[in-house]
Each structure stands twice: as structure tokens, then as C-alpha cells.
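> Each chain is listed here by its residues.
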Amino acid sequence: MATARCCSVFLLAAVVCARLFAQSVVALPNRTDSVKFAAIGDNGTGDRPQYEVAQQMTRVHSRFPFNLVIMLGDNMYGGQNPSDFVKKFEQPYAELLAANVKFQASLGNHDRPENVSYGPYNMNGQRYYTFVRGNVRFFALDSTLMDPKQREWLEKALQDSHETWKVCYFHHPLYSNASRHGSSVDLRLVLEPIFLKYGVNVVFSGHDHVYERIKPQKGIYYFVSGAAGQLRKGNMRAAAETAASFDQDQSFMLIEVVGTEMTYQAMSRTGLVVDSGVIRLQTRATE
Amino acid sequence: MARRIRAWRAQVPRLLEFALEHLLALPIGASIALVWANTHPESYFQFTYAISFAVNDIAMVFFFALMTKEIVEATAPGGVLHPWHRAWLPVIAAVGATTVSALIHVRVVEALDEPALRVAWPATSGTDIALSYFVARIVSRGHSIVPFGLLLAIASDALGILAIALFQPVPDLHLVQGAMIMAAAIGIAAVLRRARVMSFWPYLLGAGCVSWYAFFRSGIHPALALVPIVPFLPHAARDPGFFVDARPDARDTLSHFEIVWRHPAQLALLLFGLVNAGVPFRALEPGTFGLPIAMIVGKPLGVLLGAGVAIAAGLHLPHHVGWRELIVVGFAAAIGFSVALFFSAALLPPGQLRAETSMGALLTLVAAPLALGSAKLLRVGRFGHS
Numbered sequence: 001m002a003t004a005r006c007c008s009v010f011l012l013a014a015v016v017c018a019r020l021f022a023q024s025v026v027a028l029p030n031r032t033d034s035v036k037f038a039a040i041g042d043n044g045t046g047d048r049p050q051y052e053v054a055q056q057m058t059r060v061h062s063r064f065p066f067n068l069v070i071m072l073g074d075n076m077y078g079g080q081n082p083s084d085f086v087k088k089f090e091q092p093y094a095e096l097l098a099a100n101v102k103f104q105a106s107l108g109n110h111d112r113p114e115n116v117s118y119g120p121y122n123m124n125g126q127r128y129y130t131f132v133r134g135n136v137r138f139f140a141l142d143s144t145l146m147d148p149k150q151r152e153w154l155e156k157a158l159q160d161s162h163e164t165w166k167v168c169y170f171h172h173p174l175y176s177n178a179s180r181h182g183s184s185v186d187l188r189l190v191l192e193p194i195f196l197k198y199g200v201n202v203v204f205s206g207h208d209h210v211y212e213r214i215k216p217q218k219g220i221y222y223f224v225s226g227a228a229g230q231l232r233k234g235n236m237r238a239a240a241e242t243a244a245s246f247d248q249d250q251s252f253m254l255i256e257v258v259g260t261e262m263t264y265q266a267m268s269r270t271g272l273v274v275d276s277g278v279i280r281l282q283t284r285a286t287e
Numbered sequence: 001m002a003r004r005i006r007a008w009r010a011q012v013p014r015l016l017e018f019a020l021e022h023l024l025a026l027p028i029g030a031s032i033a034l035v036w037a038n039t040h041p042e043s044y045f046q047f048t049y050a051i052s053f054a055v056n057d058i059a060m061v062f063f064f065a066l067m068t069k070e071i072v073e074a075t076a077p078g079g080v081l082h083p084w085h086r087a088w089l090p091v092i093a094a095v096g097a098t099t100v101s102a103l104i105h106v107r108v109v110e111a112l113d114e115p116a117l118r119v120a121w122p123a124t125s126g127t128d129i130a131l132s133y134f135v136a137r138i139v140s141r142g143h144s145i146v147p148f149g150l151l152l153a154i155a156s157d158a159l160g161i162l163a164i165a166l167f168q169p170v171p172d173l174h175l176v177q178g179a180m181i182m183a184a185a186i187g188i189a190a191v192l193r194r195a196r197v198m199s200f201w202p203y204l205l206g207a208g209c210v211s212w213y214a215f216f217r218s219g220i221h222p223a224l225a226l227v228p229i230v231p232f233l234p235h236a237a238r239d240p241g242f243f244v245d246a247r248p249d250a251r252d253t254l255s256h257f258e259i260v261w262r263h264p265a266q267l268a269l270l271l272f273g274l275v276n277a278g279v280p281f282r283a284l285e286p287g288t289f290g291l292p293i294a295m296i297v298g299k300p301l302g303v304l305l306g307a308g309v310a311i312a313a314g315l316h317l318p319h320h321v322g323w324r325e326l327i328v329v330g331f332a333a334a335i336g337f338s339v340a341l342f343f344s345a346a347l348l349p350p351g352q353l354r355a356e357t358s359m360g361a362l363l364t365l366v367a368a369p370l371a372l373g374s375a376k377l378l379r380v381g382r383f384g385h386s
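Keeping their order, the protein sequence lines are chains A and B.
1 is the number of the first residue of the first sequence in our numbering; add one for each residue after it.
1 is the number of the first residue of the second sequence in our numbering; add one for each residue after it.
It is worth saying that the hints were derived from the structure and are not from the lab.
Think of the CB as a built atom: it goes at the ideal place given N, C-alpha and C, for glycine as much as any other residue.
Don't take each hint at face value.
Said to hold, decoys possible - Label pairs and their calculated CB-CB ranges: (1) B:A54 x A:R151: 36 to 46 Å; (2) A:G119 x B:F216: 33 to 43 Å; (3) A:Q126 x B:A179: 28 to 38 Å.
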């Protein structure tokens, strides 16, 4: 009986230590010359969990000074009046914004199309656009309205890009094993051939309110990170293509690119690292 | 056996025959699509993407051509559109119906927290002409609400086509270029008509192909290619009636066109349902209900409003048509089904918005029992003594 009690106390202490350790460590290379960014999806609820995720991001930022946040859509739920932009964006991320962290948004189905003109989203009035950070070229897409013009633009932009890494992000996941929405197969058949043809390396999406890392599909790495405000607890139905997942709490992602290595970390609202790893630049030849 | 079938067919009421011939193709295609898209989505979308251009942009040309044929014949003596001024009140009612539905749609999808769906408002104009006619005929055969409902449906669809052309979410219009090519197509059709060419093939292969290219080039959906050409085909002096099949011995060009293309058009409609109605249920969100709510609430309200404006402007309602009949006609016009589905596909690229709008189009079928229920409640047609 005493032994069992001792074991319980020891286990509890170990869990608490692990949790504290996880909260205090940023397990990335954290190099000064690297490209560092965070990814948030489905965040704009204006509720407490969104604020807590934002606080966690701020805490991490003091030790891992990312200067970019990519937004994976559904940046705003419900009302989208000027006061909502304050409550659901400017207040929760106030410290990051004050630290000159740049947010680069893509829109989801809950966002008003006219939000492309909201200054702090840095979309410059465009539904889809591209930008560069170091050796990484980002492509922010509008998966809610994937029209032929946008596809043509994407092909041209990918063709013209010569950076080491090509990262696409948009709202609807091409691969997902959450039970609410799952994979957007109709979009996958449209976009995946383009990604393969022009050598896209990594894709980030939201929409399903969980975190999921998909095993590389035809050489491309896919992440679902749609729980930076919303959460569908217990919604994951891990399948053969699931590499890792987390659906017990809100989460966001930290990413660092050093040369040909991309290190990623998925972190919960409380600072628990729920997944991490390194992606080495794919060697597959582009067509 | 053949004699038995003939005897059975002779006993089948014409309305049931109409239902069998005109109303089953799309539901069958849509049902297959829904099952397939939700069980094997990868193979479903691979298949449908491969044939969608052939079905939506080419095969559907014949469906809309046959719809246009019904309208052209309706302008002949004895038709509901003869003389033209009879159409004014239903046209104004249609403007009311489409405007109110569109406004409701925009408000409802906002309220359902899917503002991105606002762009789908032109789909609320779509009325399934065959189904709304079928429902109106069930309510009453000889009643004035049948032609009134038909005119309303035709005008709504015409307004919808206009809205889709002018308010595309991602405009890519080349209207001047398209208009120039279209002028050539209409010129060819007019020359053929003047030369009294009785075979429909020169109209189809000459004027029709040029017209298709004009639509395609302009950015307007090319399935409408034969709509401006069909009126040039020589047709019968009197309207044989709406959705009355042409007699096998009919000699006029338009009837011959119908005899040849009637069944291919039904096949096109089946394939259209198969290609466009495959909506993965997991893609749906509350915004899906925006379209059916907008149409079911907006059409009867808009018809009443539009008719009120028309009456205030000095026009008169047809005999035996009052506010109760207008409500029933409004519900019948809220059946978007095939045309709303077409508008959804013409308006939106593949993805969540199209999935939700297409499912919304299928859900507008609810308006059929609502039309019949309201007829019973308001004692309209066969349910009353009005």
C-alpha cells in the first residue's frame, strides 16, 4: 500500500515536472539567423481560450522571437464589426503586434471577404498572395473560392519562385482525419497536382478544430492546425495517414527554418509540446 | 408483352407520364452522386472532374434548348406567352421574388456565420420549371395559376442567368468580344431561317456552335448556347401545350429537334445530377440552409410584393388568381432543384461554397410539399372552390 502511494506521488511529481519543463523549454534550434514563424487557425472567437493561446504565444515569443504569424483562416467568427476586430484580434495579440510581429492572413469560410482590406492582416486587398522570408516563399491561398484565375496565378507564382522552401497555407485541409470535416477531396484533386508539379514542400491548413500532422503524401508534408481559438475535443479519428494528432486542448504551431531543415512544434494552450520534429528538404525532383 | 405495356401506358395519366419522362433523370443522378461522393469521394471527384466540362458545358446545351423550345412555343397563339403583354405581371412578380430571396439569402448566411456564402445569392433565382409546373398542375389543371406559375418560373430563371452573368464572384467577362461573336451566330440563324432551311442540323452545327463559342469566350456559361438560336427554328403555328411531347409525325423543325434530342437531354440531366450533386455531407455547415430558407421564405413574399407593385402600377391579376394563389405559386417557384443546381455550378468553383449551395438547391425540394400543403390550407385549386 505504502509502495503504491509512493509510486503515485512520484508519478504525479514527474508529470508536474514534465509539464513545467515543457512550458519553459523552446525545443527548436532557435538560431539567430533562421526563419521563425507561428501558425494559428480558426482562432477568432474572442473567447477566453483564444486569449490564453495568444498569451502562450507571447510567452514563447520572449524566448523564440518569431516575427511572422501565418493565419490559416476563420480569423474571425460571428460579428465582424470594428469592435470585433479589437476583441478578436487586436486585444489578444496586442503584445505580439507591439513587438512588430507581422500577421499574414488567409481567409476561411467564416471570414467576411472584405476582411482582405483589414490592415493588420497584411493581405493588401488580395484573396491570395505570396511573400518571402529568408529562403522560404509563402503562398497564402483562398481555398473557400478556388477559382480558375487563382489556380493560374498559383501555377505562375510557383513556377517563378526560386526559394529553397515553398510553403502553401489556406483554410480547408487537403488531408484531415478529424471526424467533423475531414479531407477536402474536391480541393485536393485540384491543388495537389499543382503542388507536386512545382515542388511545394509543406502545407498548413485549419478548418478542423484539432491539430494533426499527416504522414508525407506524395512527398508533401501536411499540417492541420485549426484549434487556436476553437476546439473540437475528441474529434480526431487517427487513421493510417495520421503521423501525430492532438484534440484535447487549443493549440498553435511554431516553425523554424534553417537551411534545408524545417523544425516544427505544436504547442497547447497551456504550453505543452504535443508534437515536434524536423522536416528535411525533400529531394524529389520537380517536374 | 408489348401490347400489355402499351395498354398500361394508355392508362397512365398524362401527369404521371410527364413525371416519369421529365422529373426522374435528375433525382436519379443526384442520388447516385450523393451516395458515391460520401462513400468513395476520391473516385467520385476524379470521375466527375473528368466529365464535368462535357456534361455541364456541352450536354446541358440540349436541356436548355428544350426548355427554350417550350418557351418559344408558348409565344405562339394558344400559348401562355401569347400575346407578350400577358407576361408583364408575372415578370414583375418574378423581379420581386428574386430580389426578396436574394436579400434574405445575404442576411441569412450572415446570421448563420458564413458570410463567404453571400456570393451565391444569384442561385436563389433558379426555379425548376418542370417541377414547379408539375406541382401547379397537381394543384389545378385548368386554373390560371398554371400559366402564371410558368411565366414566373421562366422570368425568375432569366433573371438568374442575367445575375450570374453580371455578378460572378470572380468576374472574368469579355462581353464585347462575346457579343460580336454572338452577332455572327444570330446572323447565321437568321439567314437559315430566311432561306427556309427546315432541317435543324444547320442551325445546330452552324449557328449553335458559333453561339457556344460566343458564350464560352464571353465568360457566360455556354450551356445556354442554344437559347438565342432556338427561336429561329421554324415551329408550329399554335402552341401544342407546355411539356407536351411532339408527335412523331410532326413536320416543323422545332418539333423534329425535340424528337431527336428529347432522350439525350434526359441523359444529360441525369449526368448533370451525377456530376454536380455529389456533396460530401461533412463539408456542410449551417450556411447550407441559407439558400432553401431564402427561397422558401423569399419567393412567396416577393411574389406578393411584386404583384402588389404591378397592381399598383395598373396591371391586373389573371382571373381566379388572388393572394392565396400567389402564395401557392410562390412556394412552387421556390423549387430550385435542377436550375438552382445549375446556377450553383455555373457560379462557384469546386469547394465548400459550391457544396453548400448545391446541397441547398437539393433541399429546395421541400418547397413542393409546402406548395401542396399551402394549397390545401388556403383552399386553392382542387383543394377549394376558388
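> Now tell me, hint by hint, if it's right for this structure.
The hints, checked one at a time:
1. Between B:A54 and A:R151 the beta carbon distance is about 20 Å. The supplied range of 36 to 46 Å is therefore violated.
2. A beta carbon spacing of about 40 Å between A:G119 and B:F216 agrees with the range 33 to 43 Å that was offered as a hint.
3. Our hint of 28 to 38 Å for A:Q126 and B:A179 holds, since their Cβ atoms are close to 31 Å apart.
Hint check: a violation occurs at hint 1 only; the rest are consistent with the structure.
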